[in-house]
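Dock chain S against chain A, hints included.
So the protein sequences, as listed, match chains A and S. Heads up, the first sequence stops at 522 in our numbering, and the numbers go up one at a time, no gaps. Heads up, the second sequence stops at 370 in our numbering, and the numbers go up one at a time, no gaps.
These are computed hints drawn from the structure, not numbers from a lab. Glycine included, C-beta positions come from ideal geometry on N, C-alpha and C. Misleading hints may appear alongside valid ones.
[As the list claims (entries may be wrong)] Straight-line Cα separation of at most 30 Å, DSBU-like style, residue types lysine-lysine; simulated pairs: (1) A:Lys345 <-> S:Lys344; (2) A:Lys335 <-> S:Lys146; (3) A:Lys278 <-> A:Lys332; (4) A:Lys76 <-> A:Lys57; (5) S:Lys178 <-> A:Lys57; (6) A:Lys76 <-> A:Lys196; (7) A:Lys345 <-> A:Lys453; (8) S:Lys344 <-> A:Lys76; (9) A:Lys341 <-> S:Lys146; (10) A:Lys244 <-> A:Lys386; (11) A:Lys57 <-> A:Lys278.
[Claimed, not checked] Label pairs and their computed distance ranges (CB to CB): (12) S:Met289 <-> A:Lys332: 41 to 47 Å; (13) S:Asn22 <-> A:Arg113: 29 to 35 Å; (14) A:Ala398 <-> S:Met289: 29 to 35 Å; (15) S:Tyr313 <-> A:Ser120: 56 to 62 Å; (16) S:Gln148 <-> A:Glu235: 57 to 63 Å; (17) S:Gly57 <-> A:Tyr380: 36 to 42 Å; (18) A:Gly112 <-> S:Tyr144: 26 to 32 Å; (19) S:Val200 <-> A:Gly112: 39 to 45 Å.
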Amino acid sequence: MTQVLSPVDAVVDIVGVTMEFPGVMALDCVDFRMYPGEVHSLMGENGAGKSTLIKVLTGVYSATAGDMHLAGSKVSFSTPAQAQDAGISTVYQEVNLLPNLSVAENIMLGREPRRFGSLDWRAMRRRAAELLEGLNLDIDPGSLLGSHSIAIQQLVAIARAVDVNATVLILDEPTSSLDTDEVAELFRVIRTLKEQGCAILFVSHFLDQVYEIADRLTILRNGRLVGEYRTEEILKIDLVQKMIGKEMASFSELEQRHRESEEEIAGTGIPFLEAKGLGRRGAIRPVDFSIDEGEVVGLAGLLGSGRTEIARLLGGIDRADSGTSEVNGKAVKLTSPRKALSKRIAFASEDRRGEGIVGDLSVRDNIALALQIERGWYRPIAPKRVTELAQHYIDALNIRPADPHALVRNLSGGNQQKVLLARWLAVAPRLLILDEPTRGIDIGAKAEIQKLVFNLAENGMSVLYISAELEEVLRLSHRVGVMRDRHMVSMVENDSLSVEDLLALIAEGSEDEDEKDVVA
Amino acid sequence: MSAQLRNFTGSRIFWPVVILVGLVIVDVIAFPGFLDITVKEGHLFGAPIDILRNGAPTLLIGVGMTLVIATRGIDLSVGSIAAISGAVVSALLLNSPTPDNPWTVVQAVGIALILGFILGVWNGTLVAYLKIQPIIATLILMTAGRGVAMLITEGQILTLHSKPFEWFGSGFIVGFPVAVVIAAVVLILTMLVVRRSALGMFIESVGINPEASRQAGIRSRGLLLGIYAFCALLAALAGLIITSDQTAADANNTGLFIELDAILAVVIGGTSLMGGRFSLIGTLVGVLVIQTLVTTVYIVGIPPVATMVFKAVVVIAVSLLQSPTTNEKFANWRKDRRRPTPTKAIEPKREKVSA
Chain A
3 MTQVLSPVDA
13 VVDIVGVTME
23 FPGVMALDCV
33 DFRMYPGEVH
43 SLMGENGAGK
53 STLIKVLTGV
63 YSATAGDMHL
73 AGSKVSFSTP
83 AQAQDAGIST
93 VYQEVNLLPN
103 LSVAENIMLG
113 REPRRFGSLD
123 WRAMRRRAAE
133 LLEGLNLDID
143 PGSLLGSHSI
153 AIQQLVAIAR
163 AVDVNATVLI
173 LDEPTSSLDT
183 DEVAELFRVI
193 RTLKEQGCAI
203 LFVSHFLDQV
213 YEIADRLTIL
223 RNGRLVGEYR
233 TEEILKIDLV
243 QKMIGKEMAS
253 FSELEQRHRE
263 SEEEIAGTGI
273 PFLEAKGLGR
283 RGAIRPVDFS
293 IDEGEVVGLA
303 GLLGSGRTEI
313 ARLLGGIDRA
323 DSGTSEVNGK
333 AVKLTSPRKA
343 LSKRIAFASE
353 DRRGEGIVGD
363 LSVRDNIALA
373 LQIERGWYRP
383 IAPKRVTELA
393 QHYIDALNIR
403 PADPHALVRN
413 LSGGNQQKVL
423 LARWLAVAPR
433 LLILDEPTRG
443 IDIGAKAEIQ
453 KLVFNLAENG
463 MSVLYISAEL
473 EEVLRLSHRV
483 GVMRDRHMVS
493 MVENDSLSVE
503 DLLALIAEGS
513 EDEDEKDVVA
Chain S
16 MSAQLRNFTG
26 SRIFWPVVIL
36 VGLVIVDVIA
46 FPGFLDITVK
56 EGHLFGAPID
66 ILRNGAPTLL
76 IGVGMTLVIA
86 TRGIDLSVGS
96 IAAISGAVVS
106 ALLLNSPTPD
116 NPWTVVQAVG
126 IALILGFILG
136 VWNGTLVAYL
146 KIQPIIATLI
156 LMTAGRGVAM
166 LITEGQILTL
176 HSKPFEWFGS
186 GFIVGFPVAV
196 VIAAVVLILT
206 MLVVRRSALG
216 MFIESVGINP
226 EASRQAGIRS
236 RGLLLGIYAF
246 CALLAALAGL
256 IITSDQTAAD
266 ANNTGLFIEL
276 DAILAVVIGG
286 TSLMGGRFSL
296 IGTLVGVLVI
306 QTLVTTVYIV
316 GIPPVATMVF
326 KAVVVIAVSL
336 LQSPTTNEKF
346 ANWRKDRRRP
356 TPTKAIEPKR
366 EKVSA
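Same shape as in the complex, but just chain A (with noise of 0.2 Å):
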């Protein structure tokens, strides 16, 4: 849509480019380019293709038809090393770094200068502290990485990029760890790199920084090509209605709605938890904690507060090591995941992939395995009644590709969360636990599974709402539990409660944890 960069000059050119896997349409005809000195932005929501297309472009996958053209000339990678020769660098969301080398040995490894043989060291930090000054980062060569926070280590790995002399630098969710001064810093970087002719690519969720950053940006939908914009020319309402392909009123509606029913009922009044003392050493202080039926309540704090691991003992997850709990006024031992499940609480782990899916089993699989297990083995649910369960909750949770028998591996981050939540609540928990179930997916799906909460609590059940992003906990909680250094500080009913408020709470008296709020 713009005219007046010609195709000639850019430095990627990606014409047509389809990417197949087994049952899903991952990238359908997706034209894409880049030009030397300019931050680009590629948006759309989980499983549009991003990855998929970032990892056609780094020689991670072959694609299943379509041209790539680098600087003019046609490539077809089939490593991500040819790849890296032709000068595509990436920086992933993970440092992938050794932390137990120094800066200088990161930054060259695997092209360590050579004198007579073996490594001249001295060579090695000298080019090492040029490319640092190069970026105007004040790094000493000879520390080693794992010393450094993991916004330095990050732009380590972008040095180490440069010096493979990127024509084009692909940074993926760079900030999601960063805090804002982190951030900055980084974006300083970037525009050096620009300057010096380097094309950027910036993936990231966060709107705010790629209006910030971004001169252009690609929009991808399910795998297709929505557009190619100027930043300034494209207005953010616009740009997310473009990535969701329909209106976007959801929030507001929730918001609207929230503020209704919370003058007629927070919670119904009627506790359905209750638990005293519970705490486990090393992990979470003895804390107080009571849920009623159909009440919300959302746990805020940093990373590392307590606010999952709470959440993690009353799943069962964890064993408590103190304290009682009480389901609906019965005393109850909360031991292991399935006891807890017995008594309808249900815990979905902020860790989907390592603690949540299945993945080598089908969507359908798993939605129906916690509800098979508390069947038990011998008491099979028939395979037709699964997949109309299956079915139904892709439907109700719009779950995609909308295939039963679709790996759940394959799926993007945000489907994937969806399928976790459909088999929580194929067992019709009373109690839901929910821990960080908006992060890493996109917009859309974030409204979705809020929407989801919402209308679950209407209808009676308990929702224990664990999120690091304030506005969705003040959006959603009737009460606010605040959590800092593994201990609860206190809980605070939600009437026009403000974030400034909650981080008000959140940073009360502890001026001296800042070097805390970074976890890795």
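Frame of chain A; chain S shown alone:
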């Protein structure tokens, strides 16, 4: 029709079946009467029947091994358990005044099977409750088990004379050798139980993601215990068949290396040693491939001492055919041939991402 064909060529047992057919063709060329089956006194005889009968103990153990491997485990002790079970049944029958009484045989067989089950519970306890790695946990019984069998036989090879017991190894049921019928019944029953109930899904789930399975409420310890016990029970049954076939219990040689054949059969059948999805039919194909291979060695006239080497060659072939890496390279090679583009030699595999 063509869709079904494509489904089959894409499936994990496609290449093993191709190898099996290939071996049979080699055998038929070398020995045109290879596939002939004759009926003598109502019993079936012929090379294919021999293959089935000789493969029956491996199949029995392979069925148990498939389930164990699907849970990310392995059971090295099956050969020793087979030896113990053979030794126990022999010792009981030799010391019995009435070894030809069917009831005596039933009792002896029952005791041997129960003992096998108990040994499996021991394995399962080490793996599931004491969290010892399966390879180590079952190594204990693999080495100690032969010693136990030796103690039972007092170091002797016990020669048996019990007509009802010999039925296991040399009897026939509706024309088929008893061993084949037993193995077939066990295979079919296991498939029915595992796939018609939710057991198969639980086993795969635990094998793919143990922690997710625990959080979904699976009692994985009980499941593991049961599977190791089942595997050992089948090993004991296989030991009875071997002992009956040889009419002797030899603590040193009964079921020697059978664990390796069973593991091999499972892997050839497409069940990954990393656990997860499993295929009992695949294991059946794997056993047939191994057993046909051994027969082929004899028929083609390769000296029996070279059997192991020959086996290794076929294993390498099957593994390569199934490996995703080779398939990918093969696909790339074909693509390159179709439209020659100057791509460089294939570089080392992609790096793994680690935080």
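A quick look at each hint next to the structure:
no., hint, verdict
1, A:Lys345 <-> S:Lys344, "violated, 52 Å"
2, A:Lys335 <-> S:Lys146, "holds, 24 Å"
3, A:Lys278 <-> A:Lys332, "holds, 13 Å"
4, A:Lys76 <-> A:Lys57, "holds, 17 Å"
5, S:Lys178 <-> A:Lys57, "violated, 68 Å"
6, A:Lys76 <-> A:Lys196, "holds, 24 Å"
7, A:Lys345 <-> A:Lys453, "holds, 25 Å"
8, S:Lys344 <-> A:Lys76, "holds, 22 Å"
9, A:Lys341 <-> S:Lys146, "holds, 22 Å"
10, A:Lys244 <-> A:Lys386, "violated, 37 Å"
11, A:Lys57 <-> A:Lys278, "violated, 50 Å"
12, S:Met289 <-> A:Lys332: 41 to 47 Å, "holds, 43 Å"
13, S:Asn22 <-> A:Arg113: 29 to 35 Å, "violated, 47 Å"
14, A:Ala398 <-> S:Met289: 29 to 35 Å, "holds, 34 Å"
15, S:Tyr313 <-> A:Ser120: 56 to 62 Å, "holds, 58 Å"
16, S:Gln148 <-> A:Glu235: 57 to 63 Å, "holds, 60 Å"
17, S:Gly57 <-> A:Tyr380: 36 to 42 Å, "holds, 40 Å"
18, A:Gly112 <-> S:Tyr144: 26 to 32 Å, "violated, 46 Å"
19, S:Val200 <-> A:Gly112: 39 to 45 Å, "violated, 58 Å"
In summary, the structure is inconsistent with hints 1, 5, 10, 11, 13, 18 and 19 from the numbered list given earlier, while agreeing with the others.
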